[in-house]
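For the protein sequence lines, the chains are A and B, in the order given.
First residue of the first sequence: 4, per this note's numbering; consecutive thereafter.
First residue of the second sequence: 103, per this note's numbering; consecutive thereafter.
Hints listed in this document are in silico derivations from the structure and should not be mistaken for laboratory results.
Take these hints with a grain of salt, some might be off.
Here are the simulated SDA-like pairs of lysine to any residue, each with C-alpha atoms no more than 25 Å apart in a straight line [unchecked claim]:
#  : chain 1 : residue 1 : chain 2 : residue 2
1  : A       : K31       : A       : R52
2  : B       : K604      : A       : L16
3  : B       : K257      : A       : A33
4  : B       : K114      : A       : L181
5  : B       : K445      : B       : L561
6  : B       : K152      : B       : N183
7  : B       : K496      : B       : S465
8  : B       : K166      : A       : E261
9  : B       : K110      : A       : D104
10 : B       : K615      : A       : G101
11 : B       : K411      : B       : K422
12 : B       : K257      : A       : A29
13 : B       : K510      : B       : N545
14 : B       : K549      : A       : R52
15 : B       : K257      : A       : V11
16 : B       : K615      : B       : R122
17 : B       : K604      : A       : I13
18 : B       : K174      : A       : D107
19 : B       : K166      : A       : D107
20 : B       : K615      : A       : P53
21 : A       : K94       : B       : F157
22 : A       : K264      : A       : P15
23 : A       : K211      : B       : K422
24 : B       : K257      : A       : Y36
25 : A       : K239      : A       : T289
26 : B       : K110      : A       : L16
27 : B       : K171      : A       : D79
28 : B       : K531      : A       : T54
29 : B       : K110      : A       : L105
30 : A       : K94       : B       : D335
31 : B       : K528      : A       : T54
32 : A       : K188      : B       : K171
33 : A       : K188      : B       : W126
34 : B       : K411      : B       : A337
35 : B       : K389      : B       : G490
36 : B       : K591      : A       : G28
37 : B       : K166      : A       : F307
38 : B       : K146      : A       : K94
39 : A       : K188      : B       : K510
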Amino acid sequence: MAIDLRTVSITPLRQTFGHLARRMGADKPASRYIEATMDLQPVENYHYRPTWEPQYDIFDETRTAIAMKDWYALKDPRQYYYGAWTLARGKMQEIAEGDFDLVDELGLAAAYPAAGKDEALKVFLPLRHVAWASNLNKAYVSSYGYGIAISQAACYASMDQLGVAQYVSRLGLAFNDLDALVAAKSAWLEGAEWQELRRYVEDLMVEKDWFEVLVAQDFALEGLLYPLIYERYNEKLNAAYSPVFSMLTRFQREWFGETTKWMDSILKVAAGDNPANKAKLAEWITHWRERAVVALQPVATLAFGAEADAIMEELVQNLNARAAKAGITL
Amino acid sequence: MDMKVAKKLGLKERYALMTRDLAWDTTYQKMEDVFPQTTYEGIKIHDWDKWEDPFRLTMDAYWKYQSEKERKLYAILDGFNQNNGHLSVTDARYINVLKLFLGSTPPLELMAARGFSMMGRQMNGAGPRVACQMQAVDEYRHFQTQIHSISNYNKYYNGMDEFAHQQSRMWYLSDGKSFFDDAITAGPFEFMVAIGFAFEYVLTNILFVPFISGAAYNGDMAAMTVGFSAQSDEARHMTLGLECIKFMLEQDPDNLPIVQRWIDKWTWRGTRKLASVGMMMDYMLPKRIMSFKEAWEMYVEENGGALFKDLARYGITIPKCFGQTVEEKEHVSHQSWIGFYMKPEATPFHTWIPTPDEMDWLSEKYPNTFDKYYRPVLEYLDAQEKAGNRYNNKTQPMNCQVCVSTMKFNEPGDPMEMCFRESVYKGEKFHTCSDHCKEIFDNEPEKYVQTFISSHQGLQGNCEPDGTDVKAPDFKPGQNMLDYWKLDKRALGDFNGSEDQKNFAAWREQATKN
Chain A
4 MAIDLRTVSI
14 TPLRQTFGHL
24 ARRMGADKPA
34 SRYIEATMDL
44 QPVENYHYRP
54 TWEPQYDIFD
64 ETRTAIAMKD
74 WYALKDPRQY
84 YYGAWTLARG
94 KMQEIAEGDF
104 DLVDELGLAA
114 AYPAAGKDEA
124 LKVFLPLRHV
134 AWASNLNKAY
144 VSSYGYGIAI
154 SQAACYASMD
164 QLGVAQYVSR
174 LGLAFNDLDA
184 LVAAKSAWLE
194 GAEWQELRRY
204 VEDLMVEKDW
214 FEVLVAQDFA
224 LEGLLYPLIY
234 ERYNEKLNAA
244 YSPVFSMLTR
254 FQREWFGETT
264 KWMDSILKVA
274 AGDNPANKAK
284 LAEWITHWRE
294 RAVVALQPVA
304 TLAFGAEADA
314 IMEELVQNLN
324 ARAAKAGITL
Chain B
103 MDMKVAKKLG
113 LKERYALMTR
123 DLAWDTTYQK
133 MEDVFPQTTY
143 EGIKIHDWDK
153 WEDPFRLTMD
163 AYWKYQSEKE
173 RKLYAILDGF
183 NQNNGHLSVT
193 DARYINVLKL
203 FLGSTPPLEL
213 MAARGFSMMG
223 RQMNGAGPRV
233 ACQMQAVDEY
243 RHFQTQIHSI
253 SNYNKYYNGM
263 DEFAHQQSRM
273 WYLSDGKSFF
283 DDAITAGPFE
293 FMVAIGFAFE
303 YVLTNILFVP
313 FISGAAYNGD
323 MAAMTVGFSA
333 QSDEARHMTL
343 GLECIKFMLE
353 QDPDNLPIVQ
363 RWIDKWTWRG
373 TRKLASVGMM
383 MDYMLPKRIM
393 SFKEAWEMYV
403 EENGGALFKD
413 LARYGITIPK
423 CFGQTVEEKE
433 HVSHQSWIGF
443 YMKPEATPFH
453 TWIPTPDEMD
463 WLSEKYPNTF
473 DKYYRPVLEY
483 LDAQEKAGNR
493 YNNKTQPMNC
503 QVCVSTMKFN
513 EPGDPMEMCF
523 RESVYKGEKF
533 HTCSDHCKEI
543 FDNEPEKYVQ
553 TFISSHQGLQ
563 GNCEPDGTDV
573 KAPDFKPGQN
583 MLDYWKLDKR
593 ALGDFNGSED
603 QKNFAAWREQ
613 ATKN
């Protein structure tokens, strides 16, 4: 039985802020995501030009080759404002914590076969540096992106990658203590398998077009790297040994699944805005996808040996399919 | 719960593994190309590893703490809104504090979010970069929770609905805008001194404690909870600002004069912004916490004094403006409120003349100045208002070229004389409100000639509502400012007789009587 609880009812003068009513086309209540996001970044009457890049305004649409009629069309389908984001991550970290505790409690790391451990750590652990680069490159997008819709999503993604770098580090410590991190860093800096990947992320650190950085880092690179490692490689280890690594990389897998929805939606909306965007995005995706394949090939070989080429080929097809779904013909 | 690693590692080492050990010096691209901004200001850093992490929070711990805080905060906001919490505030005049706050604060928190994101990208030490990124994401939290807490008030009261539109257009908000625009367009080290140190450390208490306490004293549980919830974030931000100063000073003796100049500049710029906090405390809160003067003594003179004593070992001296701020603490709140009262058609919040017992409170709190200088003005304005001759200044104000405040502050040592200063740059005259603003201008005239002063811009036809035909023969610039601001007429002028006043009384009656 529904009970009709009564509260004193007062008729409001308005349902929402003026800028939101104009945007929604009606004076109706706005969600917390909309209130926290839309039309908040200043767009006019700046006082000074940046001393560090005087050719631009503080926030400047011309920092990217992408043009948008409305920058707030780049909405986040997850509707992440800070509160929603941090609650979602709070839940994920609670599960991760439980997983790490369980592995510790049951001594699963120590019980893991030595061969499997070596095989796994040499693939997983240098990824802490890849995540760190991702943190930096996403910070660039959140710094210079236009509008709060994109800047906040990139800011949260950047912090997520710091979290990933820390979870990977923790995984290494759980399995092989400090040695794991030292070995991984030296592989990252000098190991032949990792140099193309390191070159890729370093090149992005000097790329000036923030939208291109987003496409290259989040779509092209992570769109291949995450399925390669956190799906395929995990499956391989699960089959050969035990699902411990799957447990300890659950955060990354969930993160990628969720973030993909955001990324694909951004591409679709940007490509749909005008034909020049579509062409530009196709150009960037093609260019960076080719480079990402070169960068990841040695890592794939490290992980899969002779099967690497076939797996990479399949992942590239999946990535192309994502682009096609976003309306981008490569 | 912190990242669990082998027991032999100390907290500091563990945190280093989780942050700076992730970083490396790039070799495929030059480090100076990856981090191009940290040299041109003249600050010399020899060893970024000497940076002491001001706090050690890994992301898992961050998410755990912050999500707990968010869950509680939004539960309280929902309850407050559902229960018509707005009717439990002391007096509808209080809501004008929220109007002032909404216009002036969330837009600046947003600029802090963007600015700290830039620092989190540009600092080439991994330690400071992570700390700045964490502050950036916190600042997203702050502007969003502030907007969410005030959103429900906007449904019932006038003057809050166009804050986003007004943030870059309203004349009285341009002091805050110029403050943050100035900081974000400076180099990264100056930004850290401006926002991280002067704003978040030296002045943060006097900025936020009065708003939060004011909310608590006046029955506004929504704003109060947002404020309290932000405090643990602010504590982190303060340690970051201080660490940054110490780091610069420890790295090279040549940094001292640069840092000192920035501290002088930004303490003054911040002080100018505080005039509106003063009028909020002394005039707008129906139930007062303490006077602005008392707050200044406690938070700035005592706490700030102790801070600068602590920094003396680095050679830092107390900001040059300190003496003047001490003198001004007895004046600025009155000058500001009277200034706003005199512009009844130009702000989205109401003004009023204090009641007789409120005037007595001001006399008691300001024995040296209130009865002598300000009570007579307020009583005169009151008499004029009652006689149907309400004062209304319709002219364009003159503004300071640096802080953009309207010229209303007095000559040091002479409360009866308005203070003006003048500089000439490339044959053109520029006006400033004080010796300190003049010095800031003279140090960097090429920057401050750019200041967007809305009274000038309005007269030049640059502040017209969208769709205005500036080529029309009868076009007169500056005639449509209300539309340019999207200023709701119901939000203007006197509190007495306003729709807010009537609605609040009627709704409270409806909520409390049968």
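Results of checking the hints against the structure:
{"no.": "1", "hint": "A:K31 - A:R52", "result": "violated (38 Å)"}
{"no.": "2", "hint": "B:K604 - A:L16", "result": "holds (13 Å)"}
{"no.": "3", "hint": "B:K257 - A:A33", "result": "holds (11 Å)"}
{"no.": "4", "hint": "B:K114 - A:L181", "result": "holds (15 Å)"}
{"no.": "5", "hint": "B:K445 - B:L561", "result": "holds (18 Å)"}
{"no.": "6", "hint": "B:K152 - B:N183", "result": "violated (48 Å)"}
{"no.": "7", "hint": "B:K496 - B:S465", "result": "violated (30 Å)"}
{"no.": "8", "hint": "B:K166 - A:E261", "result": "holds (19 Å)"}
{"no.": "9", "hint": "B:K110 - A:D104", "result": "holds (18 Å)"}
{"no.": "10", "hint": "B:K615 - A:G101", "result": "violated (53 Å)"}
{"no.": "11", "hint": "B:K411 - B:K422", "result": "holds (14 Å)"}
{"no.": "12", "hint": "B:K257 - A:A29", "result": "holds (14 Å)"}
{"no.": "13", "hint": "B:K510 - B:N545", "result": "holds (23 Å)"}
{"no.": "14", "hint": "B:K549 - A:R52", "result": "holds (8 Å)"}
{"no.": "15", "hint": "B:K257 - A:V11", "result": "holds (15 Å)"}
{"no.": "16", "hint": "B:K615 - B:R122", "result": "violated (63 Å)"}
{"no.": "17", "hint": "B:K604 - A:I13", "result": "holds (14 Å)"}
{"no.": "18", "hint": "B:K174 - A:D107", "result": "violated (31 Å)"}
{"no.": "19", "hint": "B:K166 - A:D107", "result": "holds (20 Å)"}
{"no.": "20", "hint": "B:K615 - A:P53", "result": "violated (58 Å)"}
{"no.": "21", "hint": "A:K94 - B:F157", "result": "holds (23 Å)"}
{"no.": "22", "hint": "A:K264 - A:P15", "result": "violated (36 Å)"}
{"no.": "23", "hint": "A:K211 - B:K422", "result": "violated (40 Å)"}
{"no.": "24", "hint": "B:K257 - A:Y36", "result": "holds (17 Å)"}
{"no.": "25", "hint": "A:K239 - A:T289", "result": "violated (29 Å)"}
{"no.": "26", "hint": "B:K110 - A:L16", "result": "violated (62 Å)"}
{"no.": "27", "hint": "B:K171 - A:D79", "result": "holds (23 Å)"}
{"no.": "28", "hint": "B:K531 - A:T54", "result": "holds (23 Å)"}
{"no.": "29", "hint": "B:K110 - A:L105", "result": "holds (21 Å)"}
{"no.": "30", "hint": "A:K94 - B:D335", "result": "holds (20 Å)"}
{"no.": "31", "hint": "B:K528 - A:T54", "result": "holds (20 Å)"}
{"no.": "32", "hint": "A:K188 - B:K171", "result": "violated (36 Å)"}
{"no.": "33", "hint": "A:K188 - B:W126", "result": "holds (9 Å)"}
{"no.": "34", "hint": "B:K411 - B:A337", "result": "holds (20 Å)"}
{"no.": "35", "hint": "B:K389 - B:G490", "result": "violated (29 Å)"}
{"no.": "36", "hint": "B:K591 - A:G28", "result": "holds (22 Å)"}
{"no.": "37", "hint": "B:K166 - A:F307", "result": "violated (36 Å)"}
{"no.": "38", "hint": "B:K146 - A:K94", "result": "violated (43 Å)"}
{"no.": "39", "hint": "A:K188 - B:K510", "result": "violated (60 Å)"}
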